[in-house]
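What follows is each chain in one-letter form.
Protein chains: 2
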Amino acid sequence: MLRQRVLSSFHTNPLTRQIFKPSPLLRTLQKLNTRRASPSPLSNASLRTIPARSSPLPTPHSRASATIAPSNGSKTPKRSKVVRFVYKASAFCGFAGLTATGLVVAFFIYDASTYKEEAEKYDIGVSELALNPRRGGPKNLPIAEVLVDDEDGEEMLKQRDKPRLVVLGCGWGSVSLLKNINPDNYHITVVSPSNYFLYTPLLPSATVGTLELRSLVEPIRRITSRVKGHFLKANAEGVDFSAKLVEVSQTLPSGEVRRFYLPYDKLVIGVGSKTRTHGVEGLENVEFLKNVADARKIRSKVIECFERACLPSTTDEERRKLLSFVICGGGPTGVEFAAELFDMLNEDLTLVYPKILRNEVSVHVVQSRSHILNTYDEALSRYAEERFARDQVDVLTNARVSRIENDRVIFTQKEKGSGKVITKELPFGMCLWSTGVAQTDFAEHIASQLELQRNKHALETDSHLRLLGTPLGDVYAIGDCSTVQNNIASHITHFLRQIAWEKGADPEKLALDFGMWRNVATRVRKKFPQATDHLRRLDRLFEQYDVDKSGTLDFDELKELLSQIDSKLTSLPATAQRAHQQGQYLARKFNKLAQAAPGLAVNNVTDGDLDEAVYKGFEYKHFGSLAYIGNAAVFDLNGLSIGGGLIFVYLWRSVYFAQSVSLRTRMLLAMDWGKRALFGRGEIKFPFLCV
Amino acid sequence: MLRQRVLSSFHTNPLTRQIFKPSPLLRTLQKLNTRRASPSPLSNASLRTIPARSSPLPTPHSRASATIAPSNGSKTPKRSKVVRFVYKASAFCGFAGLTATGLVVAFFIYDASTYKEEAEKYDIGVSELALNPRRGGPKNLPIAEVLVDDEDGEEMLKQRDKPRLVVLGCGWGSVSLLKNINPDNYHITVVSPSNYFLYTPLLPSATVGTLELRSLVEPIRRITSRVKGHFLKANAEGVDFSAKLVEVSQTLPSGEVRRFYLPYDKLVIGVGSKTRTHGVEGLENVEFLKNVADARKIRSKVIECFERACLPSTTDEERRKLLSFVICGGGPTGVEFAAELFDMLNEDLTLVYPKILRNEVSVHVVQSRSHILNTYDEALSRYAEERFARDQVDVLTNARVSRIENDRVIFTQKEKGSGKVITKELPFGMCLWSTGVAQTDFAEHIASQLELQRNKHALETDSHLRLLGTPLGDVYAIGDCSTVQNNIASHITHFLRQIAWEKGADPEKLALDFGMWRNVATRVRKKFPQATDHLRRLDRLFEQYDVDKSGTLDFDELKELLSQIDSKLTSLPATAQRAHQQGQYLARKFNKLAQAAPGLAVNNVTDGDLDEAVYKGFEYKHFGSLAYIGNAAVFDLNGLSIGGGLIFVYLWRSVYFAQSVSLRTRMLLAMDWGKRALFGRGEIKFPFLCV
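Going down the list, the sequences are from chains A and B.
Each step along the first sequence adds one to the number in the working numbering, with nothing skipped, and position 490 is 490.
Each step along the second sequence adds one to the number in the working numbering, with nothing skipped, and position 526 is 526.
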């Protein structure tokens, strides 16, 4: 009562009101205060006497003192702090507890909502053509014009009559195409023998159990569902370019092979590569590292070696052989696998296996060149080699594998001093073969059909990624199976003649001044985007190649200039990075083409170089390379070469983390790295390695 | 300055000090207040005028007003709330942010500490005998008296001369033995062809991807390391009971089989069981569900069926066949698998596969008895059957499989009305066979060696779990491979004669009064603990079997009584629960035996029934059975039968969660169930199913 009177008198003064409105916290403290204070007659008395004097005269004085000395009312300052701390801590704990409980309850409620009580059945129309496709084409096979899920709801129905885009393969190129293409433009079908996308750069980590394989894998059906597309788990066997049909095969468990045709308007070939054998015999004794099954096989083979090495019936020599792990190939895959394997041996296996095993373990990298990571900056190669030397990973450079027996690698190596070639052998318990890529059978078959395809290692495309030798705008090739023709030189004559004719001059008598050269350079850049880097200092190039200092470039001088630039261009690397960029490029171009289609239809433009008309050529941007080398990592970022310990390992991880394919895989990756820290690879890995 | 003076004058009054000590928060508010207030000349002026009046006279008045009306100084009450809320919210966010950052930084620091920079090598002594074991035994094989890790550090060295306990198998029984045994008492070696313990009750869940297989698996080496034991991944082939040697074999990749002997002082046989075939032919066409590889095979087979069903070259009839999943066996495994499979089909696969597939999917359970879950309470069987009927899981009871062809099950079924037996067939895409357990080859081989072993289905032990026919205290058998001989009747004559002799009477003339009967019952309970339940109401039994109402039981009456009890005992179920209890029992007994050993040695007691002397017989306690039946679960808890929807599913989960083998697996299980809620089975499952 008394207090209320004081408050009401306060409220008559607007200024007081704004300043002295008690906060909820303070009100609580006040209550505590009065309760605690009451046992003391003195404080009680003083409290009672206050209002008598203050209420009639709420002076600015009371305001000031209030701002200066609010109370919380315990008996000594020391205890007051403790009490306050306990009070606050309990409040905090209580709050945290309530929040946690609330979250758990909310989770269970949400979880309960994710179960379907009733079995669902749909009324779905399936076209008769989907169930019984008509036969046709050169081989009179069924033609899959309609698929069984073409009428699964309105969304799918809308897609049915759109241009058919068929994508072969589901690697980096195809997936980046699918992730960037506008779902409204095409009826998309993906054909691939495997139904998942694999995040290949982290495969070596998954092999030794640092990561779960599952964290690197994304079901392709989830990716196609974004574009309301279709997926067929089958093999592409061949293409009929004139009838626009892909021949697809399915092998039944009984061994019977069934074939059918899949019609396309646009076909994208992204079938990847297979492992390069270099003509070495005995590869049935080694492991490859291309897919999830390979990784699993390597896992169990490594653990099998360890288990066998523990048995009393294993001799000393056998034990050393079982624990010798050989990696043929010193590229990024080989090096990262060696590093991860060594980490596992060093950090985890020693915890549970007999200690003698650790002493007899050896890891060897057999590299044909003079350095490992030879596509990287030399400083980085050296750093990696030093790191490996310290870790007792044995690096054998200039070593060429001649054949592989069931338990040993036979190789020749140049002696450092004499240069003499000596044949050596290396026994192994497990040997990994990772020595680059070669063309798949399908790509080889396609290439053999087309006259213009002369490259033995990959399908050649123009700078618009169109497969050479096929009708313009029908067939594209991306990723490891393809190479962009950068042979400017072979086109130069044709190109120069065109320029000369445009200038109205005889090619032989052509004379370009600097202004004209600049125009030509622009056109070269457009046609051969990879050359852009080499066409930066036009004035210098002009000076340098204007041999006769005439102030103009004649035909021969220009030819020489372009040939020189051409020679500087190398073919694109067979990396995830390149495939990813090509997929993205195609998606963007296909989006543009679809946008332009109505306009072109109105103008009756159906032929001609539509790609060229709507979009620029493909230009590869190299963002750099990176590699994990055993509790250290190296980065080769277009000239900037850096490498180092753990901090770079975290950097290396964050790059892959950011590039990872979906939120799900990103979460899983973070969890995996966390689990490695908490439980070690061992805890996580053995279960899988065991099986 | 002014404020300080006010404060110091306050501090002269001790009472004021305790009550008005400004809190840090208030001091901040004061600062805010003065800053905000200063632009107003009025408030400035009033502030300046205050001290002149208040400082010389710090009356109780100021105290009271302070407790009543502290300030926070914004201009209107409304804004003040907003400002305060923003202030507090920012403080809270800031605090949360800082905490989170701190945790992340701490994690990274911890993580960084888990990497080993240097390669470690140890100076480890390995005994020559471990590397080159001496030969001997009946087959003159190497005898593994010393293992390669027997000298790995002091801890291991201490174990070397302890009694040798060899455990065959690493299932529920062996693992519960290893988890409960005192590490100081024995030199333990585990021999098993698989190097992991599998949490079998959740295997059906893992098969369809609700759980990760990895979450159910615990590396056996982690379990043996607790007891400073050893693990050999090899097969047990036979036992020489007189020389106390286990014959162990290892198969090399080349196919060569190497054998060696492992000596033991105590041998525990826990080799488990294999699937029962019931003499049905064509089982090469079906899947089993015993281990991780099986689960993985089923996963990929189910997905392969779905993928094939999508292809245009698949006919309508084939599609229905591919999507027909048949489960032979209506026990807990079969029922839970059917439920989980149906959940997956209903909740997840429809999201990514063409909808027509959902309509053509069918799940069938073929059960030879009249109900599924026939070992459970009848009400629960009925509940499960109703649930399945609603879910359109087809339950075929009284159906006996006669043979299995490559794509269909041929079975006979009694017609409900006529009782006529009709032969039917059921085409399938995938068929699971889970119809009970049978003896392994090893157990069969052991049984054939021992005259006393007459049970065709399992190794017989006495109530101390000692393998019948082997020297007392040498060999034990636990888990599915064993059965505890509960044939009281066959021992009765011997037993009764013993009692009679002790009473100094001719057995034929024995007459037990109630007091004597009570003593006999106690001894029966001790020898046959399973009979305890049936020996509760001794007075009633006495009355009931005292046929001639003589007030005493004679020999024949007693014999009849015990035979009746014997007939009520059934053999123990082949469950994880039983194996777990047996392992625990053996561990406890072995601990007791080791404790008693010094005393016995002093008294020169080396022979005789030591087990009987130190520990009671094994007594199985049935805690109940439970089963998941598709978004519902049933519990059969010794008479209490309950079942129902989601809440029981959570209960079902928590039982298994609590029983799970380690903290790691428990965390992983929780994460798996969480992930199922967040991403569905699909997200998690497909990646693995794909591969």
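Think of the hints as simulated: they come from the structure by calculation, not from any bench.
There's no promise every hint is true.
Using 30 Å as the maximum straight-line C-alpha spacing, the simulated DSS-like pairs for lysine-lysine come out as follows [said to hold, decoys possible]:
| hint | chain 1 | residue 1 | chain 2 | residue 2 |
| --- | --- | --- | --- | --- |
| 1 | B | 139 | A | 321 |
| 2 | B | 559 | B | 179 |
| 3 | A | 274 | B | 297 |
| 4 | A | 301 | B | 274 |
| 5 | B | 297 | A | 290 |
| 6 | A | 81 | B | 592 |
| 7 | A | 290 | B | 301 |
| 8 | A | 274 | B | 621 |
| 9 | B | 321 | A | 88 |
| 10 | B | 139 | B | 290 |
| 11 | A | 139 | B | 321 |
| 12 | B | 355 | A | 228 |
| 13 | B | 526 | B | 456 |
| 14 | B | 355 | A | 81 |
| 15 | A | 158 | A | 81 |
| 16 | A | 301 | B | 297 |
| 17 | B | 301 | A | 301 |
| 18 | B | 321 | B | 139 |
| 19 | B | 559 | B | 526 |
| 20 | B | 274 | B | 244 |
Derived list of chain A stretches under chain B, where covered just means 3 residues or more per stretch with a C-beta under 8 Å from a C-beta of chain B [what the hints assert, rightly or not]:
| hint | stretch |
| --- | --- |
| 21 | 101 to 112 |
| 22 | 216 to 224 |
| 23 | 325 to 333 |
Glycine included, C-beta positions come from ideal geometry on N, C-alpha and C.
Going through the hints against the structure:
With a C-alpha separation of about 28 Å, the suggested pair residue 139 (chain B) and residue 321 (chain A) falls inside the 30 Å cut-off, and the hint holds. For a cut-off of 30 Å, the pair hint linking residue 559 (chain B) to residue 179 (chain B) is broken: about 41 Å separates their Cα positions. Simply put, residue 274 (chain A) and residue 297 (chain B) have alpha-carbon atoms about 26 Å apart, close enough for the 30 Å limit, and the pair holds. For the hint linking residue 301 (chain A) to residue 274 (chain B), the alpha-carbon distance of about 26 Å falls within 30 Å, and the restraint holds.
Annotation: proposed proximity of residue 297 (chain B) to residue 290 (chain A) holds, straight-line Cα distance about 21 Å (limit 30 Å). For the suggested pair residue 81 (chain A) and residue 592 (chain B), the alpha carbons sit about 55 Å apart, so the restraint of at most 30 Å is broken. A threshold of 30 Å between alpha carbons decides the hint, and for residue 290 (chain A) with residue 301 (chain B) the separation of about 22 Å falls inside it, so the pair holds. Taking the CA atoms of residue 274 (chain A) and residue 621 (chain B), the gap is about 59 Å. The hint is violated against a cut of 30 Å.
Annotation: proposed proximity of residue 321 (chain B) to residue 88 (chain A) is violated, straight-line Cα distance about 66 Å (limit 30 Å). Taking the CA atoms of residue 139 (chain B) and residue 290 (chain B), the gap is near 33 Å; set against the 30 Å cutoff, the hint is violated. As the CA atoms of residue 139 (chain A) and residue 321 (chain B) are separated by approximately 28 Å, the hinted pair is consistent with the 30 Å bound. Annotation: proposed proximity of residue 355 (chain B) to residue 228 (chain A) holds, straight-line Cα distance about 13 Å (limit 30 Å).
For the given pair, residue 526 (chain B) sits about 27 Å from residue 456 (chain B) by alpha-carbon distance, which is consistent with the 30 Å threshold. A distance of roughly 67 Å separates the Cα atoms of residue 355 (chain B) and residue 81 (chain A); the hinted pair therefore is violated under the 30 Å criterion. With a CA separation close to 70 Å, the supplied pair residue 158 (chain A) and residue 81 (chain A) exceeds the 30 Å bound. Proximity of residue 301 (chain A) to residue 297 (chain B) is assessed by CA-CA distance (about 19 Å); at most 30 Å being required, the pair is judged to hold.
With a C-alpha separation of about 24 Å, the suggested pairing of residue 301 (chain B) with residue 301 (chain A) holds against the 30 Å cut-off. Simply put, residue 321 (chain B) and residue 139 (chain B) have alpha-carbon atoms about 53 Å apart, too far for the 30 Å limit, and the pair is violated. For the proposed pair residue 559 (chain B) and residue 526 (chain B), the alpha carbon gap of about 18 Å is at most 30 Å, so the pair holds. Of the supplied pair hints, the one linking residue 274 (chain B) and residue 244 (chain B) holds, its CA atoms being roughly 26 Å apart against a limit of 30 Å.
Taking a C-beta to C-beta cut-off of 8 Å, the stretch 101 to 112 of chain A contributes 5 residues in contact with chain B, enough for the three needed, and the coverage statement holds. Counting residues of the stretch 216 to 224 of chain A whose C-beta lies closer than 8 Å to any C-beta of chain B gives 5; at least three are required, and the coverage claim holds. Coverage of the stretch 325 to 333 of chain A by chain B is violated [criterion: at least 3 residues with CB-CB distance below 8 Å; count 0].
When each numbered hint is compared with the structure, violations occur for hints 2, 6, 8, 9, 10, 14, 15, 18 and 23.
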